Amino acid sequence: MISAVLAVARGAAREQLRYPIDLLASGGFLAVVLFLYWRLWTVVESQGGLTDLGRFDVTALVTYLLVTELVVLAPGALHLQVAEDVRSGVYSVSLLRPLPHAAWEMGRALGTMSARLLGLLALGLPFLVFVVGLPELRWRDALLALGFVLPVAILLECAVRVSIGLLAFWVEDVAPVYWIWQKFLFVLGGLFMPIEFYPDWLYSLASWLPFRVLLHDPARMAVGGLAEGELVPLLLRLLFWSAVLFGGLLLLERLGRRHVQAQGG
Amino acid sequence: MEHDARAGLARWLVAQWSASLRAAMEFRAAFLGQVIFMIANNLLFLVFWVIFFERFEQVGGWGLRELALLYGVAAAGFGLSMVFLGGLPELARRISQGRLDDLLLKPRPVLCQAAVSKMRVSGLGDLAVGVGLFAVSGHAQGWDWLFFPVASVIACLAFGAFGTICSSLAFWAGRADTVAAQATHALVVVAIYPPGAFSGWSRTVLFLLLPAGLMSYLPAELLIEWSWSQAGVLLFGNAVLFVLALWAWSAGLARYESGNLTQALE
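In order, the protein sequences belong to chains Z and G. Note that our numbering has the first sequence beginning at 1, numbered continuously upward. Note that our numbering has the second sequence beginning at 1, numbered continuously upward.
Since the hints were derived computationally from the structure, they do not count as laboratory data. Among these hints, one or two may not hold up.
Pairs of lysine to aspartate or glutamate residues, derived as DMTMM-like cross-links and limited to a Cα-Cα distance of at most 25 Å, are as follows [as the list claims (entries may be wrong)]: (1) G:106 to G:4; (2) G:118 to Z:173; (3) Z:183 to G:54; (4) G:118 to Z:85; (5) Z:183 to Z:84; (6) G:118 to Z:172; (7) G:118 to Z:84.
Stretch by stretch, here's where chain Z covers chain G in the computed footprint (C-beta under 8 Å, at least three residues) [said to hold, decoys possible]: (8) 69-83; (9) 134-140.
All figures in this text were calculated on a predicted structure; none of them were measured in a lab. Every residue, glycine too, gets a C-beta built ideally from N, C-alpha and C.
Given these sequences and hints, build the entire structure.
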């Protein structure tokens, strides 16, 4: 099954790579966002606002943003693709494949995100390195974050978007559901700044929810590094929410399949 | 004669919009859902700024109240464009797929037809948030209530003109829908960030490459403190943007090639 999923991923990646300008456009958008925050944090720093933020200076905050934006931007509009497949009937045809539909979707997500990551990094990384500068990194934590925690976080976000797309079995338009998920992710996941900067009550709330696993944890680990004893709780959180979110995807797919009506033709 | 043509176009536009609104309201639950979810979407995003300004107080003289005003102008302008020019986000794809044929056959300006071909009712949620934020920003006094609608319409037209320029790339580049979508998305994102973060060259870049200055910064600054010279810059800048959009569209349309899909898709 793994080789079949990888074959789907290769196909999806090739499809994305056929349109390099589209991929670079996403990278251009990322560069604009990095530029915005680079200016914003620079002004805040010049006003003395970053003095009590520990290891986080302007370069660290922009690098943090680069990592969180990768999670948000790499999956693309998967939810809309899945919803369109459900509405148009392509979903029912996909059931004929010798591969569980959820696995096929995750293969497509894997390929899409891999190709989109190339486009995002093609412009985002040079901007960071040549314009903003690289922060001081703790290399062991950074490599573990970028090599394992970040890819898992992106796959989890893909699973959520596929799940939102599957809601098309029940609702006419899934976009509003995605908007709300996205904004909770932005705020409670710490898209723009680490959640440690939040007021205590909001930090406590964010700690109990899945959003921080997707954004804050990989970015914080890559940029700020982990304190003694933080690694195991982080990996356990990741494992727990992976089980919940992938489990939710499988459950939604099973429930949605009951709505499929194949009428031939 | 020309006056009659303009009056006819205005009547046709009103008829298009009212028909689109009636069609959208046929599905009451979906209609209300889109509006309510968009309001919630905006308010959730504002939570970030509340947290940000609670910690950092102000950025280059822009605090939470000023940001509410800026966000209000941008949201109202964006909302208006989604409601009244809701076909623009699909324009690049329509061009690249050669699906302008049916519009070319009708005796109305093609760009107008494409722009009003769809109404995105979620824009009403943006509009409601925009007006609400303006009202609570502390900058809504007296004449401001008259200028705010003008500022919102200017923001709408600036967004529409920029969207037209980006979409017109499809006449030359073929598939340009992602580029157009990312560029207009970038404009919206930039338009809701405190301009106090930008000065000198970075401010110029934002005014020239992404006209966020014309969409939200200048209108918001005028609502905070009126200045005739700033108002002149706003009007002149938007006039240039508008002319550029019309030029890009006209030059592109002359290169348009049909996809012969009229019967299949329309």
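The hints, checked one at a time:
With a CA separation close to 17 Å, the supplied pair residue 106 (chain G) and residue 4 (chain G) stays within the 25 Å bound. For the hint pairing residue 118 (chain G) with residue 173 (chain Z), the CA-to-CA distance comes to about 16 Å; that is within 25 Å, so the pair holds. For the hint pairing residue 183 (chain Z) with residue 54 (chain G), the CA-to-CA distance comes to about 19 Å; that is within 25 Å, so the pair holds. Distance hint between residue 118 (chain G) and residue 85 (chain Z) is fulfilled; the C-alpha atoms sit about 22 Å from each other, no more than 25 Å.
For a cut-off of 25 Å, the pair hint linking residue 183 (chain Z) to residue 84 (chain Z) stands: about 23 Å separates their Cα positions. At most 25 Å may separate the alpha-carbon atoms for a hinted pair to count; residue 118 (chain G) and residue 172 (chain Z) meet this at roughly 17 Å. Proposed proximity of residue 118 (chain G) and residue 84 (chain Z) is supported: the alpha carbons are some 19 Å apart, at most 25 Å. Counting residues of the stretch 69-83 of chain G whose CB lies closer than 8 Å to any CB of chain Z gives 0, so the stated coverage by that chain is violated, three being the minimum.
Under the rule that three or more residues need a Cβ within less than 8 Å of chain Z, the assignment of the stretch 134-140 of chain G is violated, with 0 such residues.
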